[in-house]
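K.L.:
Spelled out, the chains give:
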Amino acid sequence: MQIRNTLPQLRSYNISPRLLFAAGLVALFVAIPLGYIFFRAITGGEEVWLRLLQTRIWKLLGNTLLLAVTVTGGATLVGVTMSFLTERTDLPGRNLFRWMLAMPLAIPAYIGGIVHLTLLRPRGGFIPQLLESWFGLPIPTPSPLGFGGAAFILTLFMFPYVYLLSGAAFRSLNASLEEASRTFGRNNWQTLWEVTLPALRPGITAGALLVALDVLAEYGTVALLRYETFSSAIFVQLSGRYDRSAAAVLSGVLIVIAVIILWGELRLQGQARFTQMDSQWRPAPTLPLKKWKVPAFLLVLLVVFSSLLVPVIVLAAWSVQALLDPATLASIMRSGSQTFGNYITNSLWASALAAVIAVLLSLPVALLSVRYPNKLTQAISRFCQVGYAIPGVVIALSLVLIVNRYLPFLYATPLIVVMAYVLRHMPQAIRSSESALNQLSPSMEEASRTLGRTSIQTIFQVILPLIVPGLLAGAGLVFLTSLKELPATLLLRPAGFDTLAVRVWIWASEGFYIQAAPAALLLILASAGPLYFLLRREQIFR
Amino acid sequence: MNALELRNVTKKFASAAMPAVNDVSLTLRPGEILALVGPSGCGKTTTLRMIAGLERPDSGSLHIKGQVVASREYFTPPEQRGVGMVFQDHALFPHLTVFENVKFGLKGQPAAIARETTQGMLKLVGLENFGERYPHQLSGGERQRVALARALAPRPVLVLMDEPFSSLDADLRHEVREQVRGILKAMSATAVFVTHDQEEALFMGDRLAVFQSGRLEQVGVPEEIFHDSATRFVAEFMGDSDFLPGVVKENGIETELGLIPQKINLPIDSTVEIALRSDDVNFDQANPANALVLARFFRGAYYQYRLRLSSGKLIHAFKPHTKTIQPGTSVHAYLSAGHDLTVFQNGVSVGE
Numbered sequence: 001m002q003i004r005n006t007l008p009q010l011r012s013y014n015i016s017p018r019l020l021f022a023a024g025l026v027a028l029f030v031a032i033p034l035g036y037i038f039f040r041a042i043t044g045g046e047e048v049w050l051r052l053l054q055t056r057i058w059k060l061l062g063n064t065l066l067l068a069v070t071v072t073g074g075a076t077l078v079g080v081t082m083s084f085l086t087e088r089t090d091l092p093g094r095n096l097f098r099w100m101l102a103m104p105l106a107i108p109a110y111i112g113g114i115v116h117l118t119l120l121r122p123r124g125g126f127i128p129q130l131l132e133s134w135f136g137l138p139i140p141t142p143s144p145l146g147f148g149g150a151a152f153i154l155t156l157f158m159f160p161y162v163y164l165l166s167g168a169a170f171r172s173l174n175a176s177l178e179e180a181s182r183t184f185g186r187n188n189w190q191t192l193w194e195v196t197l198p199a200l201r202p203g204i205t206a207g208a209l210l211v212a213l214d215v216l217a218e219y220g221t222v223a224l225l226r227y228e229t230f231s232s233a234i235f236v237q238l239s240g241r242y243d244r245s246a247a248a249v250l251s252g253v254l255i256v257i258a259v260i261i262l263w264g265e266l267r268l269q270g271q272a273r274f275t276q277m278d279s280q281w282r283p284a285p286t287l288p289l290k291k292w293k294v295p296a297f298l299l300v301l302l303v304v305f306s307s308l309l310v311p312v313i314v315l316a317a318w319s320v321q322a323l324l325d326p327a328t329l330a331s332i333m334r335s336g337s338q339t340f341g342n343y344i345t346n347s348l349w350a351s352a353l354a355a356v357i358a359v360l361l362s363l364p365v366a367l368l369s370v371r372y373p374n375k376l377t378q379a380i381s382r383f384c385q386v387g388y389a390i391p392g393v394v395i396a397l398s399l400v401l402i403v404n405r406y407l408p409f410l411y412a413t414p415l416i417v418v419m420a421y422v423l424r425h426m427p428q429a430i431r432s433s434e435s436a437l438n439q440l441s442p443s444m445e446e447a448s449r450t451l452g453r454t455s456i457q458t459i460f461q462v463i464l465p466l467i468v469p470g471l472l473a474g475a476g477l478v479f480l481t482s483l484k485e486l487p488a489t490l491l492l493r494p495a496g497f498d499t500l501a502v503r504v505w506i507w508a509s510e511g512f513y514i515q516a517a518p519a520a521l522l523l524i525l526a527s528a529g530p531l532y533f534l535l536r537r538e539q540i541f542r
Numbered sequence: 543m544n545a546l547e548l549r550n551v552t553k554k555f556a557s558a559a560m561p562a563v564n565d566v567s568l569t570l571r572p573g574e575i576l577a578l579v580g581p582s583g584c585g586k587t588t589t590l591r592m593i594a595g596l597e598r599p600d601s602g603s604l605h606i607k608g609q610v611v612a613s614r615e616y617f618t619p620p621e622q623r624g625v626g627m628v629f630q631d632h633a634l635f636p637h638l639t640v641f642e643n644v645k646f647g648l649k650g651q652p653a654a655i656a657r658e659t660t661q662g663m664l665k666l667v668g669l670e671n672f673g674e675r676y677p678h679q680l681s682g683g684e685r686q687r688v689a690l691a692r693a694l695a696p697r698p699v700l701v702l703m704d705e706p707f708s709s710l711d712a713d714l715r716h717e718v719r720e721q722v723r724g725i726l727k728a729m730s731a732t733a734v735f736v737t738h739d740q741e742e743a744l745f746m747g748d749r750l751a752v753f754q755s756g757r758l759e760q761v762g763v764p765e766e767i768f769h770d771s772a773t774r775f776v777a778e779f780m781g782d783s784d785f786l787p788g789v790v791k792e793n794g795i796e797t798e799l800g801l802i803p804q805k806i807n808l809p810i811d812s813t814v815e816i817a818l819r820s821d822d823v824n825f826d827q828a829n830p831a832n833a834l835v836l837a838r839f840f841r842g843a844y845y846q847y848r849l850r851l852s853s854g855k856l857i858h859a860f861k862p863h864t865k866t867i868q869p870g871t872s873v874h875a876y877l878s879a880g881h882d883l884t885v886f887q888n889g890v891s892v893g894e
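One line per chain: the protein sequences are A and B, in this order.
Residue 319 in my numbering sits at position 319 of the first sequence; the count goes up by one each step and never skips.
With the second sequence counted from 1, adding 542 to any position gets you my numbering.
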């Protein structure tokens with residue numbers, strides 16, 4: 001494989017003003033909601049701040065950080081262990097496990113939470129009932145509610161981020177690095193601890209920080225399992241008590257935490273590349289597990305079982321049950337004026353439109369930051385990625401406030417939902433576009449210029465055709481995450497605009513799990529398609 | 543009219559303390575191949591990129607066929623300069639076939655003529671049956687020739703080549719460069735060629751321009767560069783020279799290896815350096831010994847010996863491989879050039 005060993009040459013002629021203007025507009029689009037929330041938080045009023053500082057903020061801060069740290073730690077532990085076992089050992093069935101460990105990304109954590117909750121609920125849960133009928137008396141089981149349950153569920157459905165990033169890092173590590181360590185007298189285990197894991201640290205940390213950001217933004221799971229964090233508190237303020245000042249203040253605090261984490265993640269992005277493959281790359285040999293083979297296999301099976309098989313099997317069983325029962329089926333197919341087909345089309349077109357817009361907006365930003373790398377263009381690119389750090393509830397709050405005041409014609413239209421998706425998920429499109437452009441040698445453009453094409457013609461005739469796969473990947477990611485999005489959709493959707501995610505949530509929160517199952521299963525299947533396509537691009541699935 | 547002229551061209555990158563190209567002036571006649579040669583970071587590639595229009599000079603001016611293409615006031619973008627460029631990584635468009643790659647620069651010509659020209663170019667580089675393939679299906683040497691065909695197809699006024707052979711294996715490189723020189727000459731193309739390999743520069747260039755630290759050290763035909771280096775750097779870079787200190791005397795230059803009877807226009811007692819190549823030095827085992835054999839290198843047809851003179855100065859000498867002399871032997875070294883040697887004072891050549 002051929003890798004460019006020279007950095008892209010810095011262009012010395014001036015940045016195209018058209019491109020700078022376009023990228024600036026995108027940055028402005030991102031800046032307005034964020035800036036507005038800060039503005040509202042700061043001008044929220046002294047008494048709101050004082051009241052919240054005395055009553056809510058410290059408790060919420062403690063809850064949120066405790067959950068974020070626990071889940072990040074748990075997901076890192078599970079993710080790295082899984083990637084080590086599937087990438088570097090002779091674990092039986094590792095080719096299949098590799099896929100099964102990544103697939104939970106298609107399952108929204110709150111859907112996983114719903115399934116596990118019904119199975120484990122203290123009273124009336126499937127497993128406690130089963131145990132009681134076996135033993136004739138109630139057996140205490142761990143409750144899935146509260147901190148423990150939230151940490152368990154979120155770890156279970158977020159570890160794939162760490163798994164994928166650390167798996168790619170394991171894969172790209174050159175065998176010679178470990179061989180060198182062996183020649184200096186380290187055995188396999190010493191090499192793992194002293195050389196391999198430290199070398200993978202940037203990749204692992206990047207995955208861990210993504211998990212942390214996701215935990216901060218998570219609404220569905222914590223609300224379902226009744227554990228209060230900033231996100232769920234803001235949601236309550238917004239939907240229930242309608243105290244927008246308090247919501248803005250809480251949002252301001254939450255964004256500060258998230259931006260700090262995002263800043264760390266952005267700094268790591270560059271470093272994570274130091275494990276890149278070069279032409280001398282050879283895969284490291286696998287370690288024989290020997291007597292650990294069975295325990296390791298059972299461990300991986302347990303993870304796959306609880307994060308993928310249990311939710312899918314339970315939802316499938318419920319779906320069959322729902323489809324066989326005419327009354328349930330009727331209530332699924334039609335509720336009010338909405339039919340099941342509406343939920344599907346709403347989900348699909350809103351997510352697809354968000355994906356297209358996000359990719360289009362990402363192009364000028366990525367072109368600018370990759371082809372004219374300097375402080376200003378890097379700053380624009382990073383600024384446009386700030387959506388990662390803004391939880392869905394906060395984006396919803398900010399759009400509600402802005403649209404109500406300045407763009408009332410947008411209020412209560414599906415477009416505002418699409419706008420929230422774009423704002424929140426554009427960073428993924430920007431990263432995909434940037435990495436696609438980074439793989440394109442600048443000499444490709446220069447060749448086109450010396451062969452008589454202007455810079456605009458070069459973009460359309462050379463650059464775009466070559467980065468289409470990267471753009472599609474970005475669009476796929478945005479589509480996938482928008483499909484699963486819950487809190488912003490709940491808060492912003494006009495009456496009657498139900499997506500699959502919203503419908504699952506409403507049915508489940510009313511206790512109609514059987515009714516929710518077909519929609520949940522469909523949501524997972526719809527996410528699995530783009531996810532499969534995205535995973536095929538990853539090194540470890542080639 | 544000159545095909546290309548650079549007048550006092552200077553280019554400094556914002557991130558660097560020193561100019562990448564410093565006050566360089568050059569001319570190129572039609573049909574000539576000019577090799578820009580120097581160590582990495584010497585400014586040769588930046589010079590080439592300024593000619594292509596991929597960089598803009600800070601000062602000075604560039605003229606192609608007498609037309610100014612870059613100066614303080616004017617800047618012609620690369621697509622309007624009519625130059626063809628062969629890139630170091632070839633930069634073939636992976637989404638286009640070989641045929642489409644070569645045709646890419648023929649935009650605006652009638653389709654039939656463009657097809658014919660493309661087919662003709664592919665034939666010239668010996669790839670007429672490869673048109674339907676994609677770049678990734680080609681070997682390194684084939685890619686190299688497609689890149690050349692693509693650059694030549696629009697009949698550019700100037701062909702620019704940036705280390706075009708550096709991605710090829712050593713044996714293939716020799717074969718391809720001979721083909722490329724043949725093709726360029728067959729088309730009477732005017733070309734500027736960048737390389738860090740002095741041997742390649744001597745082979746490819748009708749003339750050579752030797753760069754160091756952004757400055758042009760010497761321009762000349764290969765023989766001139768090799769045998770009559772203008773500076774100590776050129777002698778060292780182009781021909782692995784050793785430098786023997788000497789003092790100017792009335793009837794020649796006094797050195798550790800005896801008096802060199804070579805007239806020189808410098809005051810008596812000036813200190814100079816004489817460039818010595820391995821074929822200028824010989825030794826035998828006669829007395830008195832003035833050098834010690836430090837090492838012997840097998841070079842195929844001959845041995846190269848490294849000698850340490852009594853002063854500690856190291857010089858090198860060739861000898862036939864029919865007789866071997868062991869390292870550690872004390873020997874008597876002497877000059878056997880049979881021609882005038884190049885003499886430098888303060889790094890600059892001083893002729894007679």
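Accuracy of the hints is not assured; some may be wrong.
Unchecked claim - Pair by pair, the computed Cβ-Cβ distance ranges are: (1) ASN544(B) x PHE21(A): 54 to 60 Å; (2) ARG675(B) x ILE456(A): 27 to 33 Å; (3) THR454(A) x SER812(B): 38 to 44 Å; (4) ASP739(B) x ALA175(A): 31 to 37 Å; (5) ILE456(A) x ARG571(B): 57 to 63 Å.
Rather than coming from a laboratory, the hints here were simulated on the basis of the structure.
Note that the Cβ used here is the ideal one computed from N, Cα and C, for glycine as well.
K.L.:
Within 31 to 37 Å or not, the Cβ separation of ASP739(B) and ALA175(A)?
P.N.:
For ALA175(A) against ASP739(B), whose Cβ atoms are near 32 Å apart, the range 31 to 37 Å holds.
K.L.:
Could one say that the CB atoms of ARG675(B) and ILE456(A) fall in the range 27 to 33 Å?
P.N.:
For ARG675(B) and ILE456(A) the Cβ distance comes to about 29 Å; the hint holds.
K.L.:
How does the Cβ-Cβ distance of ILE456(A) and ARG571(B) compare with 57 to 63 Å: does it lie in that range?
P.N.:
Check failed, 36 Å falls outside 57 to 63 Å.
K.L.:
For the pair THR454(A) and SER812(B), does the Cβ-Cβ distance stay inside 38 to 44 Å?
P.N.:
violated, 59 Å
K.L.:
Hint says 54 to 60 Å; check whether the CB-CB distance for ASN544(B) and PHE21(A) agrees.
P.N.:
violated, 41 Å
In this structure, the hints that do not hold are numbers 1, 3, 5, in rising order.
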